[in-house]
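Engineer: Letter by letter, the chains look like this.
Number of protein chains: 2
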Amino acid sequence: MDKYKVTHRLLRQSIKSLVNRQLTSNNPIYRFISAFPLGNGGRNPQLYRSFGSLATKVERNPSFSSLNSDDLSYFKGVLGEKNVVQDEDRLETANIDWMHKYKGFSKLLLLPRNTEEVSKILEYCNSRRLAVVPQGGNTGLVGGSVPVFDEVIINVGSMNKIIAFDKVSGILVCEAGCILENLISYLDNQGFVMPLDLGAKGSCQIGGNVSTNAGGLRFVRYGSLHGNVLGLEAVLANGDVLDMLGTLRKDNTGYDLKHLFIGSEGSLGIVTKVSILTPPKLSSVNIAFLACEDYLSCQKLLSEAKRKLGEILSAFEFLDSHAMDLVLNHLEGVRNPLSSAVHNFYLLIETTGSDESYDKEKLEAFLLHSMESGLISDGVLAQDINQASSFWRIREDQKH
Amino acid sequence: MDKYKVTHRLLRQSIKSLVNRQLTSNNPIYRFISAFPLGNGGRNPQLYRSFGSLATKVERNPSFSSLNSDDLSYFKGVLGEKNVVQDEDRLETANIDWMHKYKGFSKLLLLPRNTEEVSKILEYCNSRRLAVVPQGGNTGLVGGSVPVFDEVIINVGSMNKIIAFDKVSGILVCEAGCILENLISYLDNQGFVMPLDLGAKGSCQIGGNVSTNAGGLRFVRYGSLHGNVLGLEAVLANGDVLDMLGTLRKDNTGYDLKHLFIGSEGSLGIVTKVSILTPPKLSSVNIAFLACEDYLSCQKLLSEAKRKLGEILSAFEFLDSHAMDLVLNHLEGVRNPLSSAVHNFYLLIETTGSDESYDKEKLEAFLLHSMESGLISDGVLAQDINQASSFWRIREDQKH
Chain D
553 MDKYKVTHRL
563 LRQSIKSLVN
573 RQLTSNNPIY
583 RFISAFPLGN
593 GGRNPQLYRS
603 FGSLATKVER
613 NPSFSSLNSD
623 DLSYFKGVLG
633 EKNVVQDEDR
643 LETANIDWMH
653 KYKGFSKLLL
663 LPRNTEEVSK
673 ILEYCNSRRL
683 AVVPQGGNTG
693 LVGGSVPVFD
703 EVIINVGSMN
713 KIIAFDKVSG
723 ILVCEAGCIL
733 ENLISYLDNQ
743 GFVMPLDLGA
753 KGSCQIGGNV
763 STNAGGLRFV
773 RYGSLHGNVL
783 GLEAVLANGD
793 VLDMLGTLRK
803 DNTGYDLKHL
813 FIGSEGSLGI
823 VTKVSILTPP
833 KLSSVNIAFL
843 ACEDYLSCQK
853 LLSEAKRKLG
863 EILSAFEFLD
873 SHAMDLVLNH
883 LEGVRNPLSS
893 AVHNFYLLIE
903 TTGSDESYDK
913 EKLEAFLLHS
923 MESGLISDGV
933 LAQDINQASS
943 FWRIREDQKH
Chain Y
553 MDKYKVTHRL
563 LRQSIKSLVN
573 RQLTSNNPIY
583 RFISAFPLGN
593 GGRNPQLYRS
603 FGSLATKVER
613 NPSFSSLNSD
623 DLSYFKGVLG
633 EKNVVQDEDR
643 LETANIDWMH
653 KYKGFSKLLL
663 LPRNTEEVSK
673 ILEYCNSRRL
683 AVVPQGGNTG
693 LVGGSVPVFD
703 EVIINVGSMN
713 KIIAFDKVSG
723 ILVCEAGCIL
733 ENLISYLDNQ
743 GFVMPLDLGA
753 KGSCQIGGNV
763 STNAGGLRFV
773 RYGSLHGNVL
783 GLEAVLANGD
793 VLDMLGTLRK
803 DNTGYDLKHL
813 FIGSEGSLGI
823 VTKVSILTPP
833 KLSSVNIAFL
843 ACEDYLSCQK
853 LLSEAKRKLG
863 EILSAFEFLD
873 SHAMDLVLNH
883 LEGVRNPLSS
893 AVHNFYLLIE
903 TTGSDESYDK
913 EKLEAFLLHS
923 MESGLISDGV
933 LAQDINQASS
943 FWRIREDQKH
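Residue numbers (my numbering), protein chains in the order written: chain D, 553 to 952; chain Y, 553 to 952.
Please note that a few of the clues may not be correct.
With a cut-off of at most 30 Å between alpha-carbon atoms, the simulated DSS-like pairs for lysine-lysine come out as follows [what the hints assert, rightly or not]:
hint	chain 1	residue 1	chain 2	residue 2
1	Y	Lys833	D	Lys672
2	D	Lys719	Y	Lys653
3	Y	Lys802	D	Lys860
4	Y	Lys653	D	Lys802
5	D	Lys858	Y	Lys833
6	Y	Lys713	D	Lys719
7	Y	Lys858	D	Lys912
8	D	Lys860	Y	Lys833
9	D	Lys833	Y	Lys858
10	Y	Lys802	D	Lys655
11	D	Lys719	Y	Lys719
12	Y	Lys858	D	Lys719
13	Y	Lys628	D	Lys802
14	Y	Lys659	D	Lys802
15	Y	Lys653	D	Lys858
16	D	Lys653	Y	Lys653
17	Y	Lys655	D	Lys860
18	Y	Lys653	D	Lys860
19	D	Lys833	Y	Lys852
20	Y	Lys858	D	Lys860
21	D	Lys858	Y	Lys609
22	D	Lys852	D	Lys833
Example chain D residues on the side facing chain Y (calculated, C-beta under 7 Å, incomplete) [what the hints assert, rightly or not]:
hint	residue
23	Gly629
24	Gly709
25	Ala716
26	Leu769
27	Gly798
28	Lys802
29	Tyr807
30	His811
31	Ser816
32	Pro832
33	Gln851
34	Lys858
35	Arg859
36	Tyr910
Hints are computed from structural coordinates only; laboratory data are not their basis. Built from N, CA and C at the ideal position, the CB exists for glycine as well.
For reference, chain D alone in the conformation it holds in the complex (with noise of 0.2 Å):
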């Protein structure tokens, strides 16, 4: 009964903070409807915010406060002289996102190392009411991970522990800083692997893909992150810390409050801590490239991949001729693995299974049906681990 008593007093700070908060600059939501940004990108950045076709000036909202020394002493004292970065460079990285279309103006990043040291940033910067942004591995192709103006960029990537993982149960406890691709290893020693994949990998953090609803490779075996997150904390802007970090899979006590921080771009609160379902690694992968002349056919074949292939089917990826070509033509040692014909749209379909030779009889009796029906043209099946990830490249280096 305590724990219910507690999630509603936070629940009500959360709610009011949230109905409270305006649509200010340093607002993800604001960001997110700040669809042009028009402006000449320099010191005096000239930002629009666009309503279907009105487009409105945006600028810094001049009732948040600007950095000061006795900031900086706070923010030293609580998180140590070397996790107050100022570093030119290192700020200039920070402020700019991964497709170099935006550009922030911090001249603070802070690098919080547990939940007690983001509460305590937050909870001051509430107090100060100096504006922040978090961050994550700052892969966000939206720009949603940089600041507008000169937030202070709050950036968990040191919080980057495993907690606990149950073997019994596949869940996976541990921080809001760790790298997705060291979260797949840890998993595949384990014999499980992450329900979520994508192409950014090797930087991205389990907290930017929970609060930003990531999708990913294994969406359609594994569905969204609403199924498979079982827990968070998170703080919420003025320091409290929300203790959502269950890992019963049918728990129906109360409001399930941390599904409103998955996909809420940081704007509720800052994940620091996750727990995860994780399936059980199962042995036989088979990936085969296709290719499919019409857009009619690929959405047939997807029809009949999720039928025919069922219980085996993991992914089920699309790229149209332009993605192909820029992927062919700007990526180093990517190769089209079919003929040089050129065909429409191009597919990967991956299957997961427990029996290697069951599971490529059946992609294979999929695929020679798929071409006698003529719903795909050309297609070849990978022969080894190699070719499987080269396969794959072209997928996920169309972010590139």
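Mind docking chain Y on chain D? Use the hints.
Structural biologist: Just chain Y, lined up with the frame of chain D:
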């Protein structure tokens, strides 16, 4: 952008209504923490609310109005005479929960036929301060679907239309009052399955399933409704209709508010429509009924089943000997499929795949191995669909 603005406004209202909501007797959350109704069950109920060892008496909040003849006229005008139920026998049924543990004293049962009618009812009740309780199939086991005092019962069972089904994506859109078993049959005819199945399927409704975040018998394969429900329509306490009825699997626009309604038992609004992702039906189903002598072996068996049956495992259900005794002693026509020896634990394992002979072979090998390694002490594989149904009855009828 308009969609975003509207959602944002409605969110504020919804949250305002949530924050302002007191823990009054008509609030399911209140009932959630009313663990022990210690009253005399008469017209003047003595209900107690319990926090740990403390218990305080629950009384009807006097700030709520009582029904008058103007109210009845209004409801008859909106819903038509026959959907405004005052008949004592019908009210008796609607006032009592399925387990006959809780009994309310409502004088009025309303049967809206569409979202607009639900909206008009709620708007009116809100303005008149009439307490309400939403009701679906009334199959819940915790008293959430019946009134505590004289709340107006709003039963959505007449809203039972299937609105759309997309055979390419497998996405079903339907009204909240659709009975789960009807949806299962509908989808079966289309070659798909509901990701949710439970013993009460013949009476329970999808709106109630969503509002209570029902888990059910397919949980181990398809996961929670938070993963499978793609969209919702809900009516807030003031009558506003919150349209979150998306059918896009990767929709990350704005806050994902629908999750607040999944599992919140109608306390934030009444769910009126649901869109849900359904997987294609696979042709081969195999079921085994096993005996296990200690709990640790059951746990190990779950781990092994996830790994060895992997992609085809579709159910893993558990009974202890006490539950088994109850089923065998109190239900007609149910018998223990195993030898008459008493075992400590029983397990039902189901596989669903696309290849009959392969799946059966695999399950048989798994059972043989589990028997040899001593994890199970006995086991039997269903030989036909009748035997399969009889195995399922043991598990499903535990609710009786």
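Engineer: So, for every hint listed, does it hold in this structure?
Structural biologist: Here is what the structure says about each hint:
1. Y/Lys833 to D/Lys672: The given pair, whose Cα atoms are some 52 Å apart, is violated under the 30 Å limit.
2. D/Lys719 to Y/Lys653: 39 Å, violated
3. Y/Lys802 to D/Lys860: This hinted pair holds, its Cα atoms lying about 24 Å apart.
4. Y/Lys653 to D/Lys802: 24 Å, holds
5. D/Lys858 to Y/Lys833: 9 Å, holds
6. Y/Lys713 to D/Lys719: 44 Å, violated
7. Y/Lys858 to D/Lys912: Holds, because 21 Å separates the two Cα atoms, which is no more than 30 Å.
8. D/Lys860 to Y/Lys833: 10 Å, holds
9. D/Lys833 to Y/Lys858: Within the cut-off at roughly 9 Å; holds.
10. Y/Lys802 to D/Lys655: Measuring from Cα to Cα gives roughly 27 Å; hence the hint holds.
11. D/Lys719 to Y/Lys719: 37 Å, violated
12. Y/Lys858 to D/Lys719: With Cα atoms ~11 Å apart, Y/Lys858 and D/Lys719 stay inside 30 Å; holds.
13. Y/Lys628 to D/Lys802: 41 Å, violated
14. Y/Lys659 to D/Lys802: The hint is violated at about 35 Å.
15. Y/Lys653 to D/Lys858: Given that 30 Å is the threshold and the Cα spacing comes to 44 Å, the pair is violated.
16. D/Lys653 to Y/Lys653: 61 Å, violated
17. Y/Lys655 to D/Lys860: 50 Å, violated
18. Y/Lys653 to D/Lys860: Violated: Y/Lys653 and D/Lys860 sit about 47 Å apart, past 30 Å.
19. D/Lys833 to Y/Lys852: 16 Å, holds
20. Y/Lys858 to D/Lys860: Measuring from Cα to Cα gives roughly 22 Å; hence the hint holds.
21. D/Lys858 to Y/Lys609: 55 Å, violated
22. D/Lys852 to D/Lys833: 29 Å, holds
23. Gly629: Status violated, d = 35 Å.
24. Gly709: Violated, about 23 Å.
25. Ala716: With a closest approach of 17 Å, the D/Ala716 hint is violated.
26. Leu769: 12 Å, violated
27. Gly798: 12 Å, violated
28. Lys802: Interface hint status for D/Lys802: holds (5 Å vs cutoff 7 Å).
29. Tyr807: Interface hint status for D/Tyr807: holds (5 Å vs cutoff 7 Å).
30. His811: 3 Å, holds
31. Ser816: 5 Å, holds
32. Pro832: 4 Å, holds
33. Gln851: 6 Å, holds
34. Lys858: Holds: closest Cβ of chain Y sits about 5 Å from D/Lys858, inside 7 Å.
35. Arg859: 4 Å, holds
36. Tyr910: 6 Å, holds
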